[in-house]
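Peer 1: Residues per chain, in single letters:
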Amino acid sequence: MLSVPDYFQYYVAGLSVMTLYSAAIFIGFDIYEEAEHGVFEYLLSLPVSRRQLVLGRSIGGGLRAFIYVGPLIGVALYVIGAVNPVNFITALFALFLFAFGVSGMSITIAVMIKSSDRYDILMGVLDALIVRLSTAMYPLAFVQEANPLYGWIANFNPVTYTADLFRWGTGIEAIITLDNPLIPLLGVIAFFSFFTFVGIIIYERRIEGGGWQ
Amino acid sequence: MKAILHLLEHDFRNFFRYKWWLIGLISMNLADLFIMAIVYNQMINPEITEQIRSYFNFFAPGLTVTGLFASAFMIGREINIERRREVHHYMLSLPMTRTELAVGRVLSGGLRGIVYMSPLLLTCFVFLGFPTVEQFLLILMVLLFLAMGISGLSISIAVSTTSLEKFITARGLVYYTLFFCSSVFYPISLIQQLGQEGKFPMFLVRLAEVNPLSSASDMIRSFLLGYPAFSLDMIFNVLVFSTVFTLSAAFVYIRIIELK
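Chains A and B are the protein sequences, given in the same order.
Going by this note's numbering, the final residue of the first sequence carries number 213, and the count climbs one at a time with no gaps.
Going by this note's numbering, the final residue of the second sequence carries number 1260, and the count climbs one at a time with no gaps.
Just chain A, with the same shape it has in the complex (with noise of 0.2 Å):
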């Protein structure tokens, strides 16, 4: 039906990169459930400062993430088939601080928010324009030969840089002709630096002198 080739291979690699994207936004949820049941009090009474507060559950989202779409992302390496060590390694790496950067995306909302459904509803909107505005199920070309926005945006779109990492380090990099996967790198680790330090500064600002309230 598409015109593109092994496109089975490329949606399969997309598809482990969005469904990242959505278990790794979880964690926000999870932050509603303990404000509901009076744990978010408790957690800031702990000893540990906001800052490691924050950056241990921006991690543990993103690794929770990553251990849900483990499986698929074996079925997404037994399709593609044999891969180079070295740049799957790298792109693993971007896998994790691409999981780590949603989490802390979704954190950051979350406190921010103090709503659970307008939570609901933002990141419901967030995520149907971020993974249809991104590479994870169509190449870079088509989107932009579909609109010249559309394809400006997906060049700045974390999900892009993650799933062209993510073929680029199985091998399948023929498809989605990326030049250089230095730029999409920094591009992943600039979405976990951001989402993190900007997570640290709003949940100390809005949680501070008076819990969830």
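Be a bit skeptical, because a hint or two may be false.
To be verified - Quick list of in silico lysine to aspartate or glutamate cross-link-like pairs, EDC-like style, CA-CA up to 16 Å:
| id | chain 1 | residue 1 | chain 2 | residue 2 |
| --- | --- | --- | --- | --- |
| 1 | B | 1019 | A | 120 |
| 2 | B | 1019 | A | 204 |
| 3 | A | 114 | A | 6 |
To be verified - Examples of chain B residues toward chain A, derived with CB under 7 Å:
| id | residue |
| --- | --- |
| 4 | 1024 |
| 5 | 1034 |
| 6 | 1035 |
| 7 | 1043 |
In short, the hints are calculated from the structure, not lab data.
Note that beta-carbon positions come from the ideal geometry of N, C-alpha and C, so glycine has one too.
Fit chain B to the given chain A structure using the hints.
Peer 2: Just chain B, lined up with the frame of chain A:
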């Protein structure tokens, strides 16, 4: 009849309590249409493009039906929660017959699906063209029956599962089987061709052919796009699905909530 109207009011009030959630869901559907379908337009194989002309046009009716499915299924989630919180004892104590209660719930689930789907159907008409009055009424009637069948299916699952997690898992299984094994995303002729080439199991091809989501999507396409050819089987498939699940939901709903 009055009791059913009260139930409709109750369920519609619940439905509009989630208005922001519904807006979020509609915007996701529209993102599928205005981003994903437009990009897929560029990727479609020229042979398929000859058949369907534009993926955007092909996908719009399918999206309307998936929107209807998702919203009509929501009644099951509410009934599952009611059952776990034991609100069903209160429902059973209301001055109405068991049949009115069951019919009211199935009907309200279906009507809520129609209300949610309306902006998507309108978008479809705006971009693909308007049907004749007779065709429009037939589309509405078939979609209402489909929505009632879906709502019945959802209620049957909701009262048969003991926890929200089990309901959500069962919902996921039903969603993905019915969505991907249908002509919502790709033409039925392509599924049949893959079946003949041995690349797709024949029982799944058969399922896609009788799937009410395929029938409803293809009926809208036949009126708005001129393909595939309209056939009475499309209406028949939806009617059978609707009758089976409306009746089974009514039966299961009453039997199970009376027992608990």
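Peer 1: Now, for every hint given, state plainly whether the structure supports it.
Peer 2: We went through each hint and held it up to the structure:
1. The suggested pairing of residue 1019/B with residue 120/A holds, with an alpha-carbon distance near 12 Å, which does not exceed 16 Å.
2. With a C-alpha separation of about 32 Å, the suggested pairing of residue 1019/B with residue 204/A is violated against the 16 Å cut-off.
3. Of the supplied pair hints, the one linking residue 114/A and residue 6/A is violated, its CA atoms being roughly 44 Å apart against a limit of 16 Å.
4. A least Cβ separation of about 4 Å between residue 1024/B and chain A falls short of the 7 Å threshold, and the interface hint therefore holds.
5. Evaluation of the residue 1034/B hint against chain A yields a violated restraint, the C-beta minimum of about 9 Å exceeding 7 Å.
6. Because the closest C-beta pair between residue 1035/B and chain A is about 4 Å apart, less than 7 Å, the hint holds.
7. For residue 1043/B, the interface hint holds, the least distance from its beta-carbon to any beta-carbon of chain A being 5 Å, beneath 7 Å.
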